[in-house]
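S.K.: The chain contents come next:
Protein chains: 2
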Amino acid sequence: MSERVPSIRAEIVSVGDELLKGQRVNTNASFIARSLGSVGIPVVRVTACSDFESEMASVFREALGRADVVLVTGGLGPTRDDRTRKAAGELLGLGLRLDPDALREVERRVTAHGRTMSELMQGQAMVLDGSRAIPNTRGTAAGMIIPAGERFGGSHLVLMPGVPVEMEAMMELTVQPWLRGLSDTTIIHTPVKTTGIGESTLADMLPDIEDSLPEGTSLAYLPHGAGVDLMVSTIARDPLRAERDNAAVVEAIRERAAAFIFAVGTASLEETIIGMLASGGLTLSVAESCTGGLIASRLTDVPGSSVSLMQGFIVYSNSAKEELLGVSRGLIDTHGAVSEEVACAMALGCLRRSGTSIALATTGIAGPGGGSPEKPVGTLCLAIARQVPGSGPSVGVRTLHMHGDRLQNKHRFSEAALRDLWVALRGEQGG
Amino acid sequence: MSERVPSIRAEIVSVGDELLKGQRVNTNASFIARSLGSVGIPVVRVTACSDFESEMASVFREALGRADVVLVTGGLGPTRDDRTRKAAGELLGLGLRLDPDALREVERRVTAHGRTMSELMQGQAMVLDGSRAIPNTRGTAAGMIIPAGERFGGSHLVLMPGVPVEMEAMMELTVQPWLRGLSDTTIIHTPVKTTGIGESTLADMLPDIEDSLPEGTSLAYLPHGAGVDLMVSTIARDPLRAERDNAAVVEAIRERAAAFIFAVGTASLEETIIGMLASGGLTLSVAESCTGGLIASRLTDVPGSSVSLMQGFIVYSNSAKEELLGVSRGLIDTHGAVSEEVACAMALGCLRRSGTSIALATTGIAGPGGGSPEKPVGTLCLAIARQVPGSGPSVGVRTLHMHGDRLQNKHRFSEAALRDLWVALRGEQGG
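Heads up: the sequence lines are chains B and G, in that order.
Here this note's numbering is used: the first residue of the first sequence is 198, the next is one more, and so on.
Here this note's numbering is used: the first residue of the second sequence is 198, the next is one more, and so on.
FYI, nobody ran anything at the bench for these hints, they're computed from the structure.
Keep in mind that the hints are not guaranteed to be accurate.
The list treats identical chains as interchangeable, and a pair is accepted whether it falls inside one copy or across any two copies.
[Unchecked claim] Listed next, the in silico DMTMM-like pairs over lysine to aspartate or glutamate satisfying Cα-Cα at most 20 Å (straight line): (1) 218 <-> 369; (2) 218 <-> 426; (3) 283 <-> 250; (4) 572 <-> 602; (5) 218 <-> 381; (6) 572 <-> 537; (7) 218 <-> 412; (8) 572 <-> 365.
Please construct the entire structure, taking both the sequences and the accompanying hints into account.
M.R.: Set out below in structure tokens:
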């Protein structure tokens, strides 16, 4: 992280009891933070508070004391009274004025919905004295950019509605362009997405890279369900330097951890796989026992996946494994349904019956029941079969052990399967 | 809702640059807020801040000055940007101790993954002096409940990891029970879960119930993807009164809206369906085109579902519909793959080939491509076929239209299918 204090710092304040009760997740704050990041303004704090005037006034005062720009969402709608406007007006000693452009827009919307104008609706066009009104292209309540005065060292308070589409349009059309004029820094974030490696093992591969990060560049670890996303962030005054420093760190990480990196950018593992299948002209079928359709469902989340994913079998029962995939009863009796032998037979059967280039099969124990000392809950046998041009089909198999509950195990099983598929496809490309 | 001011107030602090950059939405804060609400403790502020020690220390100090309990997530992991322990220790003047139980758990997990113990990993078992360690049943970093001392008037600081599953388990197993002991009010929340009815239609059925709620009892509508959950909440000092008032309102709603209520309590629609299949000795198979395995995956999320869900087919391509389900090419050519005729043929083919009591089939257009003026994106044809004892199979079908993006449509398609299946099973039971 850079030691230099950037020229502009922002805070976000989200007003609304629904956030404090956990009835709504604060997606507005994330949107605003990303929007600020793209114009080089770092967010130093996000606060959610209730819509009591005294509480709002405290939060606004504290935030304006720390930050140059405080962006507020919520409390401007027509069903609640104008508490956010009022709290801000009282804190800053500003009265209200009716904004003529905003009023015209409110009237247009009200009549377009066949309703008549009321005082409540007119209140939505009221803005604070000395502020710049932010047009609302998606709703009625006007936003405002308010100079907070000398007491707050020239900081600004920005008020916007809490309805996401209204706030998002205001950010894009008015607030972001205004902020771009205030800031003289650029921030670049590059995700580097890995699979098949834990956070601490990955960190152990990159200590010297972390120790020699260029000034203004930081490296964050974002572990989740089954993989770890790295985020390389660079802040700099010079956009070209920002780009060069960021790219150098990304490249260094890529060289070191190539075996685990499936995407530099925002692509998911599913998207990466569907893209590799499509570009290689390959088709895929899946035979799922313990994952119960989750692998197919994850792959079909990707638009256009129908070109590559031809068909799938969900074969929970032994008879389904026999009838649909031709796995022999003898094999199941000898080795058990959860065995590398049965996983291979499932993958080969799936390949043969589907006629695809590649077939993936899972058999395992997601839990909570069904485990044994030899094959505990969390055991997964995972096989991938391929058509080898000019010879017969080939198959690879391995056994893994997970340690979660049923849903975690299902998810980790599917993640392991997608990871192995990705590795197989990389081999297929000779990469 | 009760007018009485509760005795305990909480704040939530979420640590992590990824929140300030908008790379992650703060779902942890919502989870904690709901969890606190269920034990009668209101959240008065939520703050997200960076993981700089000085910034964390400021935020902790301010929050401990306002609230009785401050719950912190994030910054307890093994990498360098995990500095929460240190910031809290310096603020409160507390050293670190190695917690033997936590260390055992870290060692168990590290060796279970076939890795060797490192100093980095051992750090995850360090807790502050005078604190109570919170066991981590889903990961390695121990949490802690720390009395903040006289300076903060007996307030407590609770530190938890930022990984959602780890934090959620800690809240449920340790923190919530501890908080319940601090609060002197009882809150009862009873979910009443509906499907197949919109929020306003449901509200129109219950106006007199809403008008005559007992003091301290509230009724909230929580609409989501495809259904509406009602939440009947009662807050009271006397636990018996809370229970009685809550139960009376739940019963009144149940009488009025029975046709749409699939569960009173936390059971999901999937769990309800698997329970009905099992208790009726019925078996199910599914044939999924546009839902791509999602229905099977949702049903197999339920432990024990393998008893009832025998097999499934993912039949994206027309040839898969022909080969796996025996749908005739002529039918597809005449009516199109997305048609009630093909959905019926898929369900009947699935029933015949699987030999199950019931078969469910979906064919539709999830988008973004593949739509036409007659069959726009969001079209779903949904068929359910059943074995009728003493006669042939019967089949029912309907067409629905959704208006979301690909993932929303897939989810709504699966929800509609599960809802129709639930209605069919209720008919089967003669209910």
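S.K.: For each hint, tell me whether it holds in the structure or not.
M.R.: Each hint, compared with the structure:
{"no.": "1", "hint": "218 <-> 369", "verdict": "between (29 Å within a copy, 17 Å between copies)"}
{"no.": "2", "hint": "218 <-> 426", "verdict": "between (30 Å within a copy, 15 Å between copies)"}
{"no.": "3", "hint": "283 <-> 250", "verdict": "within (7 Å within a copy, 35 Å between copies)"}
{"no.": "4", "hint": "572 <-> 602", "verdict": "within (15 Å within a copy, 41 Å between copies)"}
{"no.": "5", "hint": "218 <-> 381", "verdict": "between (38 Å within a copy, 18 Å between copies)"}
{"no.": "6", "hint": "572 <-> 537", "verdict": "within (12 Å within a copy, 44 Å between copies)"}
{"no.": "7", "hint": "218 <-> 412", "verdict": "between (40 Å within a copy, 18 Å between copies)"}
{"no.": "8", "hint": "572 <-> 365", "verdict": "neither (43 Å within a copy, 28 Å between copies)"}
Consistency with the previously given hints fails for number 8 only.
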